[in-house]
Amino acid sequence: MLVITLAASLFGCSADTKASNSVDPESGLKIVAVADLPKEAQDTLKLIDQGGPYPYSRDGVVFGNLEKILPKHDRGYYHEYTVKTPGEKDRGARRIVTGNAQERYYTDDHYKSFRRIAEDGGTS
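Using UniProt numbering, read the sequence shown as starting at 1 and increasing by one per residue.
None of these hints come from the bench; they were simulated from the model. Since we're looking at a predicted model, the values are computed, not measured. Errors might be hidden in some of the hints.
[Stated by the list, open to error] Derived DSS-like pairs: lysine-lysine, alpha-carbon spacing no greater than 25 Å straight-line:
1. Lys-46 x Lys-30
2. Lys-30 x Lys-72
3. Lys-84 x Lys-30
4. Lys-112 x Lys-39
5. Lys-39 x Lys-84
6. Lys-112 x Lys-68
7. Lys-68 x Lys-30
8. Lys-39 x Lys-72
9. Lys-112 x Lys-30
10. Lys-89 x Lys-68
11. Lys-39 x Lys-89
12. Lys-89 x Lys-112
13. Lys-72 x Lys-112
14. Lys-30 x Lys-89
My request is simple: use the sequences and hints to build the entire structure.
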């Protein structure tokens, strides 16, 4: 592990980068480490963990998964939260979607694609 960490530091990437190359077996989506998310997404995760307050009235509403990209569950299983986008006057395209089993997903293109957020904030 020391060799991997040393090599990663020499090439300008962290050991957590392997999360971005991993695939979630349940959803088939790529996994992203919290540290690899934009700062605004990390801030939104903190708000979710604290239970708010949220800056947008639509934060926490049911996400219908109409695109059927996330694993199928009954309506009400998923909820969405806005990730602020610098320079946007409205909510922008970035969201975090949470599931009832504590799974979290990030989209930066308004639900066209998702990445599963590593549960431990690192590489899982």
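Structure-based check of all given hints:
1. With a CA separation close to 22 Å, the supplied pair Lys-46 and Lys-30 stays within the 25 Å bound.
2. For a cut-off of 25 Å, the pair hint linking Lys-30 to Lys-72 stands: about 17 Å separates their Cα positions.
3. With a C-alpha separation of about 22 Å, the suggested pairing of Lys-84 with Lys-30 holds against the 25 Å cut-off.
4. For the given pair, Lys-112 sits about 21 Å from Lys-39 by alpha-carbon distance, which is consistent with the 25 Å threshold.
5. Straight-line distance between C-alpha atoms of Lys-39 and Lys-84 comes to about 9 Å, which keeps the hinted pair within the 25 Å bound.
6. Taken as a hint, the Lys-112 and Lys-68 pair is honoured in the structure, with Cα atoms around 10 Å apart against an allowance of 25 Å.
7. With a C-alpha separation of about 16 Å, the suggested pair Lys-68 and Lys-30 falls inside the 25 Å cut-off, and the hint holds.
8. Straight-line distance between C-alpha atoms of Lys-39 and Lys-72 comes to about 29 Å, which puts the hinted pair past the 25 Å bound.
9. Proposed proximity of Lys-112 and Lys-30 is supported: the alpha carbons are some 14 Å apart, at most 25 Å.
10. Of the supplied pair hints, the one linking Lys-89 and Lys-68 is violated, its CA atoms being roughly 28 Å apart against a limit of 25 Å.
11. Restraint check for Lys-39 and Lys-89: the C-alpha separation of about 18 Å stays at or below 25 Å, so the hint holds.
12. A threshold of 25 Å between alpha carbons decides the hint, and for Lys-89 with Lys-112 the separation of about 21 Å falls inside it, so the pair holds.
13. For the suggested pair Lys-72 and Lys-112, the alpha carbons sit about 16 Å apart, so the restraint of at most 25 Å is met.
14. Among the hinted pairs, Lys-30 with Lys-89 is inconsistent with the structure: their alpha-carbon atoms are about 29 Å apart, more than 25 Å.
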